[in-house]
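Asker: Chain by chain, the residues:
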Amino acid sequence: MELKPCVNIRQEWDIVGARQLGREKAKELGFGTVDQARIATAISELARNIYLYAGTGKVEFEIIDQFDRKGLKIVAADEGPGIRDVGEVMQDGYSTSGGLGAGLPGVKRLMDYFDIRSENGEGTEIEAIKWVR
Amino acid sequence: MESVELDLENYRKLLKEYLLTNDETALYQAEQFSKLSVQHNISPEEIIHVHIEALKELYPGMIPREINDSLNFLLEAMISYGLALQEYQHLRERQSELESEISIAANMQKTLLSTVKPTIKGIDIGAISVPASHMSGDYYHFVADTDDTLGVAIADVIGKGIPAALSMSMIKYSMDSFPENQRQPSAILENLNRVVERNVDPGMFITMFYGLYDPKSETFSYASAGHEPGFYYHAKEDRFEEIEASGLVLGVQEHVNYEQSVSKIEKDDCIILLTDGVTECRIGDRFIERDEVLEVIKHYLHLPAQEAVEYVYRYFERLQDFHLKDDFTLIILKKEV
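Chains H and P, in that order, are what the protein sequence lines are.
Using the UniProt record's numbering, the first residue of the first sequence is number 1, and each one after it goes up by one.
Using the UniProt record's numbering, the first residue of the second sequence is number 1, and each one after it goes up by one.
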């Protein structure tokens, strides 16, 4: 099996690495500049969350090639404290009001598919997909 | 996506025109384009993208790499603004949903708290209650009995908005559940106090005035639970007198005794009951004086009671630039014979 491209997040600088790798994959897939920028922003947001709230984790990329469409899947996973109330952080205005940026609702908007699983004390895994238009 | 294509065409045309003529008309059209884009949820990064594409088509192969890269840089810098726009639009939709829910609740409150202004021989009744916002924390209620006595309640929740409105519904249903023979103002307040003390959050207080008019003895008995004092108008002497009644606001202590007083009512005399939305009417930074309130009331007192309260309300509404700061409730009882 092909090893998935992956960036470990340990320090703030790794966020840039994750963006870079994600953008390369997006370019390869043929995403336009606007979508590339959106994907990079989503990656930033996910990687920053790992860096800020879990300390360490990883961002994985997977190219999805289906018969009728192609896309980029981003998986951000950590073994941090987890999110106690997912519903709350998915609300508009939850993180933006504190000036923390787009927040998870922003990631959801930037991407086409978004899924989050979080266990208290066991970490968080977020999957997001953007399809090439 | 097709609409964006169409927009690109239009944008390229406008841009070309502007680059050729440097004309204000093109700039005005750019403004129109901007407005249309906001209406269609088109985010700033998409406009920049359209701009880049338009430039490329207008000057094929002639855009310096640095300019092209710098525009891509700008596009990246606009991403968060695009997200903020979407969030704003989403929040605006949610706000209008909430507003319509609140207006449904407000209508329901109106139905729940509705009171019929009774026809009592010899008494002309006027009453108005206007909420400052959707839902009112003021309340008034008339109880007409077969023996022609008239009970009148006026209350104000300290605090505004929905919690205040919910408390008021409770007051109304408690009053409805009291036995028919128990119509003495002090007894009613004592019972309500118990209900409020048991059921309402300790931080919320309700002031209330309850009066009972008995046409046989031509007397008005009343008691007050910390409510804004009303006024008694002596027609013969053409003067106002504050209705003195003291009592603790509802809900502070479990057992409270309320003092009940009785006044004899003469022909043409008036009883004026109100909430602090009337007396604490604000003009700019200044609270209006009670004397000024009385002057306004007196000015309209010769009119039928309902007309009088409506004119007084309109006067204060205008004075506050048609924007009430507090719920406004005013009742006038006029003895006709």
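No lab work stands behind these hints: they were computed from the structure.
Hints may be right or wrong, so weigh each one.
Said to hold, decoys possible - Stretch-level coverage of chain P by chain H, calculated; a stretch enters the list once three of its residues show a Cβ under 8 angstroms from a Cβ in chain H:
no.: 1; region: 42-49
no.: 2; region: 73-85
To be verified - Derived DSS-like pairs (lysine-lysine); straight-line CA-CA distance at most 27 angstroms:
no.: 3; chain 1: P; residue 1: Lys267; chain 2: P; residue 2: Lys216
no.: 4; chain 1: H; residue 1: Lys25; chain 2: P; residue 2: Lys56
no.: 5; chain 1: P; residue 1: Lys325; chain 2: P; residue 2: Lys117
no.: 6; chain 1: P; residue 1: Lys325; chain 2: H; residue 2: Lys108
no.: 7; chain 1: H; residue 1: Lys70; chain 2: H; residue 2: Lys27
no.: 8; chain 1: P; residue 1: Lys267; chain 2: H; residue 2: Lys27
no.: 9; chain 1: P; residue 1: Lys13; chain 2: P; residue 2: Lys56
no.: 10; chain 1: P; residue 1: Lys35; chain 2: P; residue 2: Lys117
no.: 11; chain 1: H; residue 1: Lys73; chain 2: H; residue 2: Lys4
Values in this document were obtained by computation on a predicted structure and should not be read as measured data.
Ideal Cβ placement from N, Cα and C applies to all residues, glycine included.
Asker: If you test the structure against every hint from before, which numbers come out violated?
Answerer: Hints 6, 8 and 10 are the ones this structure does not satisfy, whereas the remaining hints hold.
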